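Chemist: Going line by line, the protein sequences match chains Z and X.
So in my numbering, spot 70 of the first sequence is number 70, and the numbers just go up one at a time.
So in my numbering, spot 354 of the second sequence is number 354, and the numbers just go up one at a time.
Please note that the accuracy of each hint is not assured.
Part of the chain X face toward chain Z, derived, beta carbon under 10 Å [claimed, not checked]: (1) S52; (2) I53; (3) I54; (4) L77; (5) G99; (6) V101; (7) G102; (8) G148; (9) L155; (10) K364; (11) I365; (12) S366; (13) L389; (14) G409; (15) Q420.
Simulated from the structure, these hints should not be mistaken for lab results.
In this text the structure is predicted, and so the values were computed from the model without any measurement.
We put the CB at the ideal spot given by N, CA and C, even for glycine.
These are the residues of each chain, in order.
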Amino acid sequence: MNKIKEFVDRFGLPRIIIVAFLLLLCVAAIMLEIPITDLISDALVRTGMNGILVLSMVPGILAGIGLNFGIPIGIVCGLLGGLLAIQFNLTGFTAFFTAVAISIPLALVAGYFYGLLLNRVKGSEMTIATYVGFSIVSLMSIGWLVLPFTSEDMRWPIGTGLRTTITLQGRYERLLNDWGSFNIMNVTVPTGLLLFMLFFCFLVWAYLRTRTGVAMIAAGDNPKFATASGINVNRMRVTGTMLSTALSAVGIVVYSQSFGFIQLYQAPMFMSFAAVAAVLIGGASIKKANITNVIIGTLLFQSLLVVSLPVANKILADVSSLAEIARIVISNGIILYALTQIGGGE
Amino acid sequence: MDANIRVTPPELSLVQKIKKSLVHNMVTVFFIILCVIGFYYSGLTFGFLINSIISRLVRNSFLVLALLLPVMAGMGLNFAIVLGAMCAQAAIIFVTHWGVVGMPGIGLTVILTTPLAMGLGYLTGKLFNKTKGQEMIGGLILGFFSNGIYQLIFLILIGSVIPFNNETLVLSSGVGLRTTIDLAGGMRYAIDDVWKLPFTMAGMAFGVATILHAVYRYIKGIPTLAQKPRQKKYLLSGATGVAFIAWLLYIRSGSSYINMITVPMLTVILIALMCIFTTYFARTKLGQDFRTVGQDRHIAGVSGIHSDNTRLTAMILSTVFASWGHLIFLQNLGTFSTYGSHEQIGFYSVAALLIGGASVTNAKISHALLGTFLFHTLFIVSPLAGRNLFGDAQLGEYFRVFVAYGVIGVSLVMHAWRKQIEGRRRLSQQ
Numbered sequence: 001m002n003k004i005k006e007f008v009d010r011f012g013l014p015r016i017i018i019v020a021f022l023l024l025l026c027v028a029a030i031m032l033e034i035p036i037t038d039l040i041s042d043a044l045v046r047t048g049m050n051g052i053l054v055l056s057m058v059p060g061i062l063a064g065i066g067l068n069f070g071i072p073i074g075i076v077c078g079l080l081g082g083l084l085a086i087q088f089n090l091t092g093f094t095a096f097f098t099a100v101a102i103s104i105p106l107a108l109v110a111g112y113f114y115g116l117l118l119n120r121v122k123g124s125e126m127t128i129a130t131y132v133g134f135s136i137v138s139l140m141s142i143g144w145l146v147l148p149f150t151s152e153d154m155r156w157p158i159g160t161g162l163r164t165t166i167t168l169q170g171r172y173e174r175l176l177n178d179w180g181s182f183n184i185m186n187v188t189v190p191t192g193l194l195l196f197m198l199f200f201c202f203l204v205w206a207y208l209r210t211r212t213g214v215a216m217i218a219a220g221d222n223p224k225f226a227t228a229s230g231i232n233v234n235r236m237r238v239t240g241t242m243l244s245t246a247l248s249a250v251g252i253v254v255y256s257q258s259f260g261f262i263q264l265y266q267a268p269m270f271m272s273f274a275a276v277a278a279v280l281i282g283g284a285s286i287k288k289a290n291i292t293n294v295i296i297g298t299l300l301f302q303s304l305l306v307v308s309l310p311v312a313n314k315i316l317a318d319v320s321s322l323a324e325i326a327r328i329v330i331s332n333g334i335i336l337y338a339l340t341q342i343g344g345g346e
Numbered sequence: 001m002d003a004n005i006r007v008t009p010p011e012l013s014l015v016q017k018i019k020k021s022l023v024h025n026m027v028t029v030f031f032i033i034l035c036v037i038g039f040y041y042s043g044l045t046f047g048f049l050i051n052s053i054i055s056r057l058v059r060n061s062f063l064v065l066a067l068l069l070p071v072m073a074g075m076g077l078n079f080a081i082v083l084g085a086m087c088a089q090a091a092i093i094f095v096t097h098w099g100v101v102g103m104p105g106i107g108l109t110v111i112l113t114t115p116l117a118m119g120l121g122y123l124t125g126k127l128f129n130k131t132k133g134q135e136m137i138g139g140l141i142l143g144f145f146s147n148g149i150y151q152l153i154f155l156i157l158i159g160s161v162i163p164f165n166n167e168t169l170v171l172s173s174g175v176g177l178r179t180t181i182d183l184a185g186g187m188r189y190a191i192d193d194v195w196k197l198p199f200t201m202a203g204m205a206f207g208v209a210t211i212l213h214a215v216y217r218y219i220k221g222i223p224t225l226a227q228k229p230r231q232k233k234y235l236l237s238g239a240t241g242v243a244f245i246a247w248l249l250y251i252r253s254g255s256s257y258i259n260m261i262t263v264p265m266l267t268v269i270l271i272a273l274m275c276i277f278t279t280y281f282a283r284t285k286l287g288q289d290f291r292t293v294g295q296d297r298h299i300a301g302v303s304g305i306h307s308d309n310t311r312l313t314a315m316i317l318s319t320v321f322a323s324w325g326h327l328i329f330l331q332n333l334g335t336f337s338t339y340g341s342h343e344q345i346g347f348y349s350v351a352a353l354l355i356g357g358a359s360v361t362n363a364k365i366s367h368a369l370l371g372t373f374l375f376h377t378l379f380i381v382s383p384l385a386g387r388n389l390f391g392d393a394q395l396g397e398y399f400r401v402f403v404a405y406g407v408i409g410v411s412l413v414m415h416a417w418r419k420q421i422e423g424r425r426r427l428s429q430q
């Protein structure tokens with residue numbers, strides 16, 4: 001009995017509920033004769049699609065800035081990179097890698113200034129990050145209207161500004177997904193996508209084992225102790241923020257190529273919440289996170305979304321919003337749970 | 001510097017004083033300028049602007065005032081008033097379903113929504129006591145979370161689990177409510193229509209009240225706050241009242257559109273009662289407890305104040321007021337979107353309060369009213385100004401949204417920054 005209690009404490013009750021819910025959904029899916037292989041393929045694609053966005057949480061959490069609700073900053077940099085690749089009329093892998101190559105330096109610069117800001121608001125980073133993210137998204141909404149992009153593929157045929165969704169068909173749509181993809185027992189494995197994600201996971205993993213990485217973790221874990229050991233805590237926080245922002249920029253480019261569309265205007269507004277929820281479901285807290293949390297969390301969260309939709313549709317024929325509601329309740333519930341674990345701020 | 005030497009600050013000249021107050025109220029001044037520019041380019045007539053502002057001021061003020069108590073108790077800006085709004089909406093849906101209309105409908109809604117809001121306010125307070133220092137992000141996320149629960153109830157459970165037979169409210173499938181609910185013929189304008197006065201009349205009554213208040217305070221001071229009589233600011237507010245009345249008399253003599261504007265007096269009285277309540281609440285024992293807890297929880301604890309319970313009380317009051325405020329809001333609007341009306345309430349109210357010059361730790365009634373006024377002026381003029389200036393109304397719309405999010409972000413940053421600097425100074429003094 002004690003062992004069970006200990007396990008529940010360590011793993012967290014909400015996580016147990018979520019995993020149990022997922023298992024229940026899977027059983028329901030099998031009983032309702034929903035083709036399980038399609039679901040697995042979808043879950044794999046969406047894991048790879050969201051993986052790097054979720055990964056961007058790790059440097060932020062470890063550097064001590066908490067859950068980085070400010071990743072829309074990186075996301076708009078990534079979108080800008082993606083748009084520029086179209087503006088230059090590139091296609092294929094050249095387009096994709098140009099987009100990544102443009103967005104990373106942009107995001108690093110933006111993340112640097114964002115990190116400086118966060119250093120001045122220690123203790124309220126998460127609230128401020130949320131509103132900085134919202135502000136950036138609405139500022140860039142003006143940007144998408146007035147920026148001098150000329151490509152016919154992106155602008156509204158009549159009127160001003162860029163379209164709300166820009167198709168990547170014939171540009172770099174599903175490039176990574178299709179690279180080396182293969183079928184096992186009717187499950188399509190998006191090899192390129194998964195490898196790309198794992199590659200970035202490996203990069204972060206390796207970085208965290210370098211001198212700077214270890215210093216960053218120390219700075220986030222115990223700032224006073226780190227200062228005493230001669231680590232420049234503020235600089236480490238800026239480094240973590242820059243990394244986080246850059247990863248989210250790459251993340252949105254990967255997301256767009258897999259989705260097949262670039263979504264502008266208000267679309268990035270709530271993307272940070274999904275990423276935060278995923279890493280928390282994977283077992284991270286506001287102070288601790290690792291690569292395993294990212295992979296497990298993304299897989300769990302995305303599987304949940306993938307499985308819940310057809311199951312909900314089969315059970316309640318007319319109500320397609322049940323899956324959406326489940327997503328809202330689960331993602332925000334886990335964030336609330338994580339916030340209550342800080343321990344009262346005393 | 002030797003700590004024993006006391007430096008008296010030099011007398012400020014008038015220019016310096018003005019400069020200081022401008023810097024201090026930077027956000028508000030910025031918005032006043034923005035509103036004036038926006039009004040100029042929108043091409044609206046003054047009468048139309050006043051009409052729109054009055055209706056929006058009456059609609060939103062109560063909600064913004066509901067934010068004041070948690071600020072007093074040191075819990076920051078209460079993004080969780082969304083929960084209060086949800087309670088009001090749930091109650092309205094059921095009252096509309098039962099077909100109770102007009103004032104009895106409002107009464108029944110209040111009876112239903114108050115205990116519900118108290119319950120949810122209690123739970124919110126419990127949550128906030130577990131997330132001290134992160135109340136604002138907690139409130140924000142809690143708003144999203146409870147929106148999920150709300151949708152679950154009204155989109156899925158209504159009609160399938162909860163029996164609810166109503167063809168006008170429920171979707172054709174019999175499960176879930178329609179996306180908009182029309183209160184016409186029900187509770188629409190139930191409070192507003194009770195007593196209406198022309199704007200000029202109401203304005204003059206307001207002017208007279210201002211003058212009386214100013215004269216009274218000028219002579220008596222505020223004894224409970226140890227404020228001496230003969231304060232110059234009351235002369236100023238009295239003069240403003242006189243000027244306002246003079247202007248209204250001038251309007252009445254002509255045939256301006258402004259003469260046609262009416263003001264729903266009962267709603268205004270409710271808002272005034274809320275203002276009076278907040279003012280006097282601050283001077284009660286409980287109000288003092290709020291402030292002590294807001295300033296320093298440890299000192300409050302040492303002085304025998306149970307800070308967790310005080311915070312709970314603040315949240316319960318705020319949620320209940322928010323639910324009443326949302327009721328006023330919806331009866332004035334007359335129709336609402338079942339799944340969307342409450343969502344923006346928290347964010348708009350907080351933005352309005354901050355634009356009025358409030359901060360995370362200091363919010364007054366004047367901030368709330370001025371902020372609502374400015375925020376909604378911007379609301380009215382910005383799409384038109386955007387269209388006239390840039391040929392695109394959407395641009396003005398995005399600009400307004402950016403400004404609202406931006407002002408919340410900037411004032412949170414300024415507050416946290418100031419706190420950090422003060423903390424460092426305190427540390428270096430020790």
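Chemist: Are the hints correct? Go through all of them and say.
Modeler: Evaluation of the provided hints:
1. S52: 23 Å, violated
2. I53: 24 Å, violated
3. I54: 28 Å, violated
4. L77: 9 Å, holds
5. G99: For G99(X), the interface hint is violated, since the closest Cβ of chain Z sits about 26 Å away, which is over 10 Å.
6. V101: Violated, because the Cβ-Cβ distance from V101(X) to chain Z comes to roughly 30 Å (cut-off 10 Å).
7. G102: 33 Å, violated
8. G148: Holds - the Cβ of G148(X) comes within 10 Å of chain Z, reaching about 3 Å at its closest.
9. L155: With a closest approach of 6 Å, the L155(X) hint holds.
10. K364: Violated: closest Cβ of chain Z sits about 22 Å from K364(X), beyond 10 Å.
11. I365: Interface hint status for I365(X): violated (24 Å vs cutoff 10 Å).
12. S366: 24 Å, violated
13. L389: 12 Å, violated
14. G409: 4 Å, holds
15. Q420: Hint on Q420(X): holds, closest Cβ of chain Z at ~6 Å, below 10 Å.
The structure fails to meet hints 1, 2, 3, 5, 6, 7, 10, 11, 12, 13 from the earlier list, while all remaining hints are met.
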